[in-house]
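Chemist: For reference, the chains in residue letters:
Number of protein chains: 2
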Amino acid sequence: MNRYLLAMLAGLLPISLFTQTNPAAQAARLWRQQHERAIVDEFVELLKIPNVSHDRENVRRNAECIVKMMEKRQIPSRLVTVEGANPVVFGEIRVPGAVRTLVFYAHYDGQPLDPKEWTSAPFTPTLRSQAIGKGGRVIPLSPPGTPFDPESRLYARSTGDDKAPIIALMSAVDAIRSAGLKMKSNIKFAFEGEEEAGSANLTKILAANKDLFSGDVWFMCDGPVHQTRRQQIAFGARDVVRLDLTVYGAKNELHSGHYGNWAPNPAMLLARLLVSMKNENGHVLVDHFYDDIEPMSDIEKQAIADAPDNDQELMHELWLGSTEGAPSKLLDLINQPSLNIRGMASARIGAQASNVVPSSAIASIDIRLVKGMDPLRTQDRVINHIKNQGFFVVDKAPSAEVRQAHPKVVWVDRGSAGFGAVRTPMDLPISQEVIRVVESVRGSAVKLPSMGGSLPLADIERPLGTRTIVIPIANHDNNQHSFDENLRIQNLWDGIELFTALLTM
Amino acid sequence: MNRYLLAMLAGLLPISLFTQTNPAAQAARLWRQQHERAIVDEFVELLKIPNVSHDRENVRRNAECIVKMMEKRQIPSRLVTVEGANPVVFGEIRVPGAVRTLVFYAHYDGQPLDPKEWTSAPFTPTLRSQAIGKGGRVIPLSPPGTPFDPESRLYARSTGDDKAPIIALMSAVDAIRSAGLKMKSNIKFAFEGEEEAGSANLTKILAANKDLFSGDVWFMCDGPVHQTRRQQIAFGARDVVRLDLTVYGAKNELHSGHYGNWAPNPAMLLARLLVSMKNENGHVLVDHFYDDIEPMSDIEKQAIADAPDNDQELMHELWLGSTEGAPSKLLDLINQPSLNIRGMASARIGAQASNVVPSSAIASIDIRLVKGMDPLRTQDRVINHIKNQGFFVVDKAPSAEVRQAHPKVVWVDRGSAGFGAVRTPMDLPISQEVIRVVESVRGSAVKLPSMGGSLPLADIERPLGTRTIVIPIANHDNNQHSFDENLRIQNLWDGIELFTALLTM
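Residue numbers (this note's numbering), protein chains in the order written: chain V, 103 to 607; chain C, 103 to 607.
No false leads were slipped in.
Taking lysine-lysine and the DSS-like style, the derived pairs with C-alpha atoms no more than 25 Å apart in a straight line are:
#1 Lys498(V) x Lys353(V)
#2 Lys489(V) x Lys353(V)
#3 Lys489(C) x Lys353(C)
#4 Lys290(C) x Lys170(C)
#5 Lys174(V) x Lys290(V)
#6 Lys174(V) x Lys284(V)
#7 Lys286(V) x Lys174(V)
#8 Lys174(C) x Lys284(C)
#9 Lys236(C) x Lys353(V)
#10 Lys218(C) x Lys236(C)
#11 Lys150(V) x Lys170(V)
#12 Lys431(V) x Lys403(V)
#13 Lys431(C) x Lys353(V)
#14 Lys306(C) x Lys290(C)
#15 Lys170(C) x Lys150(C)
#16 Lys218(V) x Lys236(V)
#17 Lys218(V) x Lys353(C)
#18 Lys498(C) x Lys236(V)
#19 Lys431(V) x Lys353(C)
#20 Lys290(C) x Lys174(C)
#21 Lys431(V) x Lys510(C)
#22 Lys218(C) x Lys218(V)
#23 Lys498(V) x Lys218(C)
#24 Lys498(C) x Lys218(V)
#25 Lys236(C) x Lys498(V)
#26 Lys174(C) x Lys286(C)
#27 Lys150(C) x Lys174(C)
#28 Lys290(V) x Lys170(V)
#29 Lys236(V) x Lys353(C)
#30 Lys290(V) x Lys312(V)
#31 Lys498(V) x Lys510(V)
#32 Lys312(C) x Lys286(C)
#33 Lys510(V) x Lys431(C)
#34 Lys510(V) x Lys353(V)
#35 Lys312(C) x Lys290(C)
#36 Lys218(C) x Lys353(V)
#37 Lys218(C) x Lys150(C)
By construction, these hints were calculated from the structure, which means they are not laboratory data.
The shape of chain V in the complex, shown without the other chains:
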């Protein structure tokens, strides 16, 4: 038996009990099975280019690489930007007789990182037999004609968040052309370059190019599928805003023997401030925090009730002996607002620790907002809460005089502005059609009124007057936003099939 035949047979083995009924997806699978190595090679080339949002030069190299990928497929494309922004990569497939336009969104920039935390270098894509935490070992890419182990994983920054959809969409276009599938809608691609920096310029770029980016619906190809590996469709996303808090002690670190218990300890002051913000069950104690939330509709409540409850399995998988907000379930909780400490630091720990009273203590918190909550007003409410704890709040590093004049001083940095949370009604005709197509490719889907993560949906809907639906393909355990980010290979294959069906709907 030759290698080609082996590969064919391996691809025909059942990977789930669901039988796919979507012919476009079936054609995509056959095509993919013949091109696995080429698909992964193209992915690796893109992943090699560093893409942390503020690294402008490398971010532009990413954009140019994606333009080349489109040019290779004769998809007219260009970089669209405004002064000071990373470009959006735009591409378009016009279909004669099409009566609607579908826009596929992904982003090619990635979260900041500390290379020292990574098992292999974040911009040296590395295939492993399985997840690192399960003993995955480094393996070579499969030679052309030989199937990849679908459980193997590719490690690099943005494998999951969010370069995978770009490769899956380009591969889907190849599959459509190779199989001669008919397209019924005009297609646009919009790949953003600063989503992880808060999409500060997206609204400006779209508002300045309304016709270019207009469409009946934007498919937001970002985020992970459900932890059960079932396909997920989210009809909205929470918004996120940030507050960085710096609490001050003495002007420099002091010997803890000579000054401890007399010089105020900023780490303790910060701890006390943070603790004042939430009770032990995760309820946020900031006044009026929950006041403006827009209630769920009946169909939205039903969708959450219908979603699988795998909290116990998830706790086990994540080594958790308890959850915050219990007995509420994960899917309930991510449809509510949250307040989270994303990082905290004061002086040093471990081998570099020394017996000092620290001079300052820093916490960065992120707040997820649901529909109805205004980003600025919510930040204001938290800042009022901080003032109510006796802190003098400043918006820049405080002077000696300010620190001498007030018992407790905190510098609060708001970061970039929020964009507002969105929930697209699940009973719209386009919502119902998307559910039908997705389930014909991937089986029963988990349908969420809102995903827990944040996407700049409002920044898209507002200037363009369009709708947004979130269709992710990454595995849930992809470590996105952290070190050792990875994509499970089967998720890439599933994504190609799913996008082939959506591109031809």
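Please arrange chain C on chain V, whose structure you already have, making use of the hints.
Modeler: Showing chain C alone in chain V's frame:
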């Protein structure tokens, strides 16, 4: 006028209103004024050798350098150690007809550091016109025969803590010999090499070499003088123990959108635990924490009452708008036990922060003990407190199973054992004699029953049956235990005079 004469005149200018009445100190001053550059050159050579306690190889180079300094002065010396320990440098001056032995202790190892935090490299000694915080600029060492600005400062690790006394003692020996001063006591030097690592082996080294290290009193030349720049004598020191706490969330960092408010946040759990340990006024809330404290004697209470109250000036200098434990004063508070957060960390802050729920959060706390408090029992009481907050306490990194089985898990690392706090009675004849000699050199001294910092006094007193008295020379604002450690040049000059008087008493 030639340079030599200029230097002589500069040295004769009054530097305080106090008139020195000690002839040995007066002789030392004249000698010093003629040898300032040579003294600083010898100091610089010693400071160039990295001395972080766990850096065994470089620590030994320090010890060998000090042996050479003694050999240069015909002081018989040797390295004394036990298996696995950094050596104590021992030296001895036998005086015919002497009826007592005075031992001078200092340590030549230094606190761990992060070079990135330093303005100039920690092992590249750098002279500045004054403190960095007051605009001090880098200046060259004064040429031989030209006086140093007494307010200039030498920056390097261990300038203040604790290599300065070693140089001052060696210079005092030179001054004694040059002026032909008569010595009345046998002198021993004991320079330790792992004080900053907790003096784990000091007791063992002394117990194995009792005769070598025996003496009527050990002068502990470590720590800073009073913030008013008045000489300080401390008749004891607090003990210090440490507890490192690691609190756990999920097995890896999680996306704060997809898991926030459901996955427990270890930074918040840690903050809540820390806050439970102290009230807002600095009182420790651990049950029985204060139970075993030995009360102060009347002479000790009087000494604290007589000490200067410069809290307001100190608050201004340190940019503080409040103090912990107010209205109690600093000198009251450092004679009581303390509990201090010396470092704290969870995930990342600043440009490297990302929207995650951290996987763990770490705090290192140090506890200062006063006479009567048992180190182990005190740690036990804090650990009991932690258990009472609902934590499952482990003494090593917990397994997945342990983390899955308990709602809240903390790894508590006790670090090295404590040595116990010491207070030498202030009415002993030797105590009273030391006060008289010191005040004849340096004027009215601040006399403390105990210093706030920690020294292994018990580890010395217990095996040798001796007494200990702490006589520091460094400036209070020397940044010891932190970055940009420095010594004010006048403090070195004062130290030489003081030690000359003590060596000849």
